[in-house]
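J.: Chains as they are written, first to last, in full-length UniProt numbering: chain A, 1 to 125; chain B, 1 to 146.
No lab work stands behind these hints, which were simulated from the structure alone. Hints may be right or wrong, so weigh each one.
Okay, derived cross-link-like pairs now, SDA-like style, lysine to any residue, Cα gap no bigger than 20 Å in a straight line [said to hold, decoys possible]:
hint	chain 1	residue 1	chain 2	residue 2
1	B	K93	B	A133
2	B	K93	A	A73
3	B	K95	B	E55
4	A	K76	B	V106
5	B	K93	A	S124
6	B	K108	B	E55
7	A	K76	B	S142
Reference excerpt, derived from the structure (chain B facing chain A, CB under 7 Å, subset only) [said to hold, decoys possible]:
hint	residue
8	F18
9	L41
10	R59
11	G60
12	M67
13	E68
14	I71
15	T87
Quick reminder that beta carbons are idealized off the backbone N, C-alpha and C, glycines included.
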Amino acid sequence: MSLPDTIAPLELATSPDTAQAYGELTFDFNPIHVDPEFAAQSIFGQCISHGTMALNLAIEACERTFGADVDLASLKIRFSRPMPVGQTLTAGGQLTDPETGTYDIWVTLPDGTRTLEGTITAASA
Amino acid sequence: MSGTDLMGPALKDTPWTFAEFPEGEPMAEVAVELNNERAALWAGLYGGPQAQPGEPAPRGLAVAAMMEAYIRAIQPRPPGNVHAGQTLTFFGKPKVGAVLTARFTVVKKELKKDRRWLTLGVEMFDAESGGDAKVLSGEILSIWAA
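Generate the whole structure from the sequences, applying the supplied hints.
T.: This is the structure in structure tokens:
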């Protein structure tokens, strides 16, 4: 199995519209994501993006990088920082163990803060 | 989006509290269709060509369906829950149009530093393959608010 060294970066510019669309996609209309007045009173002070919006950005980045020959087999991640709605998210990754097909993966904010981090494993499709 | 609730008792009149989750027990089962509307929403968010009915769906579309199932399976919820972590193992790749059934089990409850850590196990199956074709399995780690 030939594995790429890196997961090609993939961006998503978040906005109230993307928060609403992701809410429709997942049935998750938690006001912390879509209600600015509610979110302003929360510990975050503003709307934050759905965590799995970032997770799915990372998954999509892996799938596009791997193409048809390599498959995403498993993942283990943690949501390490909130993602204010309006920020651009960038997913990426680095191969760390070719023997097991393990990559470190992450999603960052424009200032480099990692909002999601963890590992994935790849396998032959 | 819509789906069919297949198992109780995860729907109740008042928000689910941490104390009420039955540790070690199955909790809910919900079906979600990977329909064309969902595929269009996915393509609108993440770009790329939209997968058409009968074509393999992006892995993330099944994860999004899992999240819908998770949200719908346990209602109502207290405000302020935090999704803290996620593990997933992927198996078969479902097609657009497939009906996926998600089963949730309460794996673990832990109180640490006044935080209520709840681990729910999830298994998702493709009902069009007789209901026994596993699509994914994993654990959802949350900090439950109440």
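J.: If a hint holds in the structure, say so; if it doesn't, say that too.
T.: Here's how the hints hold up against the structure:
Restraint check for B:K93 and B:A133: the C-alpha separation of about 10 Å stays at or below 20 Å, so the hint holds. Between the alpha carbons of B:K93 and A:A73 the distance comes to roughly 11 Å, so the proposed pair stays at or under 20 Å and holds. At roughly 5 Å between alpha-carbon atoms, B:K95 and B:E55 fall within 20 Å of each other, so this suggested pair holds. Pair hint A:K76 plus B:V106 holds up; C-alpha atoms about 19 Å apart against a cutoff of 20 Å.
Of the supplied pair hints, the one linking B:K93 and A:S124 holds, its CA atoms being roughly 14 Å apart against a limit of 20 Å. With a C-alpha separation of about 37 Å, the suggested pairing of B:K108 with B:E55 is violated against the 20 Å cut-off. Restraint check: the Cα-Cα separation between A:K76 and B:S142 comes to about 14 Å, which is no more than 20 Å; the hinted pair holds. Residue-level restraint check for B:F18 is violated (minimum Cβ-Cβ distance to chain A is 17 Å; threshold 7 Å).
The closest approach between the C-beta of B:L41 and any C-beta of chain A is roughly 5 Å, which is under the 7 Å cut-off, so the hint is satisfied. With a cut of 7 Å, the hint placing B:R59 at the interface with chain A holds, because the nearest CB-to-CB distance is about 5 Å. Contact between B:G60 and chain A, as hinted, is supported at the beta carbon level, the nearest pair being about 4 Å apart and thus within 7 Å. A hinted interface residue such as B:M67 counts as satisfied when its beta carbon comes closer than 7 Å to some beta carbon of chain A; here the least separation is about 4 Å, so the hint holds.
Given the 7 Å rule on beta carbons, the hint for B:E68 holds: about 4 Å separates it from the nearest Cβ of chain A. Given hint, B:I71 at the interface with chain A, holds; its Cβ is 5 Å from that chain's nearest Cβ, closer than 7 Å. Nearest Cβ of chain A to the Cβ of B:T87: about 5 Å, under the 7 Å cut. The hint holds.
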